[in-house]
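Protein chains in written order, with this note's numbering: chain A, 1 to 312; chain B, 1 to 312.
Take every hint as true, because none was put in to throw you off.
For lysine-lysine, the following DSS-like pairs were computed, each having C-alpha atoms within a straight-line distance of at most 25 Å:
(1) Lys52/B / Lys20/B
(2) Lys162/A / Lys195/A
(3) Lys195/B / Lys162/B
(4) Lys162/B / Lys187/B
(5) Lys187/B / Lys187/A
(6) Lys52/B / Lys308/A
(7) Lys187/A / Lys162/A
(8) Lys52/A / Lys308/B
(9) Lys131/B / Lys162/B
Short derived list, chain B residues pointing at chain A, Cβ under 7 Å:
(10) Arg108
(11) Met180
(12) Leu213
Quick look at which bits of chain A chain B covers, simulated, 3 or more residues with Cβ under 8 Å:
(13) 109 to 117
(14) 209 to 215
(15) 248 to 254
(16) 258 to 269
It should be emphasised that the hints constitute simulated quantities derived from the structure, not laboratory data.
Because the structure is a prediction, the values reported are computed rather than measured.
Beta carbons are placed, not taken as given, at the ideal position from N, Cα and C, and that holds for glycine.
2 protein chains.
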Amino acid sequence: MSDRIEINEVSPRDGLQMEKAFVPTENKIAYIDALSECGFACIEVTSYTSPKAIPTLADADAVMAGIRRVPGVRYTALVPNLRGMERAVAGRPDEINLVMSVSETHNRANLRMTREQSVAGLQEVLREADKIGLPCNVSLSTAFGCPFDGEIDPAEVLRLAKALADSGAAGITACDTTGMAHPAQVKQVSEMLQKDLAIPVTIHLHNTRGMGLANALAAYETGIRRFDAASGGLGGCPYAPGASGNVSTEELAHMFASMGVDTGVDVEKLLGVVRTLSGLVGRNVTSQLAEAGTRLRRYAPPAWLAEKFPQA
Amino acid sequence: MSDRIEINEVSPRDGLQMEKAFVPTENKIAYIDALSECGFACIEVTSYTSPKAIPTLADADAVMAGIRRVPGVRYTALVPNLRGMERAVAGRPDEINLVMSVSETHNRANLRMTREQSVAGLQEVLREADKIGLPCNVSLSTAFGCPFDGEIDPAEVLRLAKALADSGAAGITACDTTGMAHPAQVKQVSEMLQKDLAIPVTIHLHNTRGMGLANALAAYETGIRRFDAASGGLGGCPYAPGASGNVSTEELAHMFASMGVDTGVDVEKLLGVVRTLSGLVGRNVTSQLAEAGTRLRRYAPPAWLAEKFPQA
Numbered sequence: 001m002s003d004r005i006e007i008n009e010v011s012p013r014d015g016l017q018m019e020k021a022f023v024p025t026e027n028k029i030a031y032i033d034a035l036s037e038c039g040f041a042c043i044e045v046t047s048y049t050s051p052k053a054i055p056t057l058a059d060a061d062a063v064m065a066g067i068r069r070v071p072g073v074r075y076t077a078l079v080p081n082l083r084g085m086e087r088a089v090a091g092r093p094d095e096i097n098l099v100m101s102v103s104e105t106h107n108r109a110n111l112r113m114t115r116e117q118s119v120a121g122l123q124e125v126l127r128e129a130d131k132i133g134l135p136c137n138v139s140l141s142t143a144f145g146c147p148f149d150g151e152i153d154p155a156e157v158l159r160l161a162k163a164l165a166d167s168g169a170a171g172i173t174a175c176d177t178t179g180m181a182h183p184a185q186v187k188q189v190s191e192m193l194q195k196d197l198a199i200p201v202t203i204h205l206h207n208t209r210g211m212g213l214a215n216a217l218a219a220y221e222t223g224i225r226r227f228d229a230a231s232g233g234l235g236g237c238p239y240a241p242g243a244s245g246n247v248s249t250e251e252l253a254h255m256f257a258s259m260g261v262d263t264g265v266d267v268e269k270l271l272g273v274v275r276t277l278s279g280l281v282g283r284n285v286t287s288q289l290a291e292a293g294t295r296l297r298r299y300a301p302p303a304w305l306a307e308k309f310p311q312a
Numbered sequence: 001m002s003d004r005i006e007i008n009e010v011s012p013r014d015g016l017q018m019e020k021a022f023v024p025t026e027n028k029i030a031y032i033d034a035l036s037e038c039g040f041a042c043i044e045v046t047s048y049t050s051p052k053a054i055p056t057l058a059d060a061d062a063v064m065a066g067i068r069r070v071p072g073v074r075y076t077a078l079v080p081n082l083r084g085m086e087r088a089v090a091g092r093p094d095e096i097n098l099v100m101s102v103s104e105t106h107n108r109a110n111l112r113m114t115r116e117q118s119v120a121g122l123q124e125v126l127r128e129a130d131k132i133g134l135p136c137n138v139s140l141s142t143a144f145g146c147p148f149d150g151e152i153d154p155a156e157v158l159r160l161a162k163a164l165a166d167s168g169a170a171g172i173t174a175c176d177t178t179g180m181a182h183p184a185q186v187k188q189v190s191e192m193l194q195k196d197l198a199i200p201v202t203i204h205l206h207n208t209r210g211m212g213l214a215n216a217l218a219a220y221e222t223g224i225r226r227f228d229a230a231s232g233g234l235g236g237c238p239y240a241p242g243a244s245g246n247v248s249t250e251e252l253a254h255m256f257a258s259m260g261v262d263t264g265v266d267v268e269k270l271l272g273v274v275r276t277l278s279g280l281v282g283r284n285v286t287s288q289l290a291e292a293g294t295r296l297r298r299y300a301p302p303a304w305l306a307e308k309f310p311q312a
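Make a model of the complete structure from these sequences and hints.
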């Protein structure tokens, strides 16, 4: 099993869409360009949803056109439907990310469609994308629990994942949308998906209840090598008030790097970018790791030590 | 391997000693009495260190005398030396907790002794405690890294643990004093200690860099069944400014309970106690879990759903 993981940095999309203030297009571009220098395998740049639905990402076309692409980084964008895909194509994404929920109520609340309608709509996008050779990942929201419907049957995650894989998805992401996952469940779902799918599986975690990194570890131990994460832990879910954001990229990369796993990410460089987040979004973004520093940060011993232990 | 873990709630000692304000004795007692109702295996009540060194715990005698003891809960107290033990005996602890650091510089800074002096001093306490049948746990600070000396050789942790076990320690706690541990290291040290010690091993974690629960999971997977934790994630280390506190008991208990592990702890009852912490310590204590609620917390779907999907 490879000791290399791929991190998909989702803060420009999954983080900024939840911010109240519109981040000016040129600042978004500068932010994404800074992320591009950090060594990510993939960056989710924006979303081609209706500007009415998500006004903070209304500048998707300009952002995709404006970023400086670093070789080796896959640039992806969220696409809700066929119309979104048609818009996205002009931005030349390396892949697109489709989305639906595993739970019926969350799918209706978030996408205003039944799951049946969503599957049909995504299959349509998959068909059209295939014609132009555009790879599509599918993100399955609420795969580990739904704030409306509660516990989710892993068999339902697998059923939808297989249906979409059979329809041509290039990858499946199981999303813990509101931070309900626990390690034993992540292990079960990760093993199930990897066993039955021939395409890469990504795990998307939130840290709502402190279990983000424990869940990442549990997934890693089953062989999962792709993770979504958002710098500064940005993000959240409008349907679970108080739910905090995505697992923080810097903490995820730092943990795996500490364990000797190659993440591709330059953690110190990333921490530099994380420290710009408060300025970017216009509110105080706290990052535990940015405050504490990486694990081997050293402090000077108290000055009196040299006097008390002169022989040292 | 048993699916039951024991949680040692250390906030009354390891948490309150770091608070700036002195918590009135009767409030400490009420807090510990409330914790006693939550189902902990063990509560570290106070510290018999010099009132000059730790003025916030100067009321150790009164606190130990004042708490209401619940059968099944072990009440322990930190003891720095023989004089501390003599004081502690009057408080009738079920066990005492001795402490020294694995790293030389932290031991000197924190205890004003060399490690050699500490070992000799603890051996003296162990001998005297043995005479009166008082069990002694020994906590080894900086077992996973030192803010002054950096990386710690696991062989050093093992060497000190064995020396103290051979001298009569009833248990050893490996402490990640400033949150430097990572899961692969926790696995290594946990396996090493359990293999070579015939007494129970406890893991004491901090969440400074977000890895607290991931480390707990890694320890659990090696067979560790005892954990220190502090409600509300209270605590910290005076020598690593900015370092946040202990792994939060409510998040630790919630994770293991979600996984089907019996922790003995009533998480909802504990969250009720956690919500009193800000009042207790006179500053804002944030608890992610207290804010988000346990994982299966349900929200009402948006009202417009019923109109849009009348057939539902």
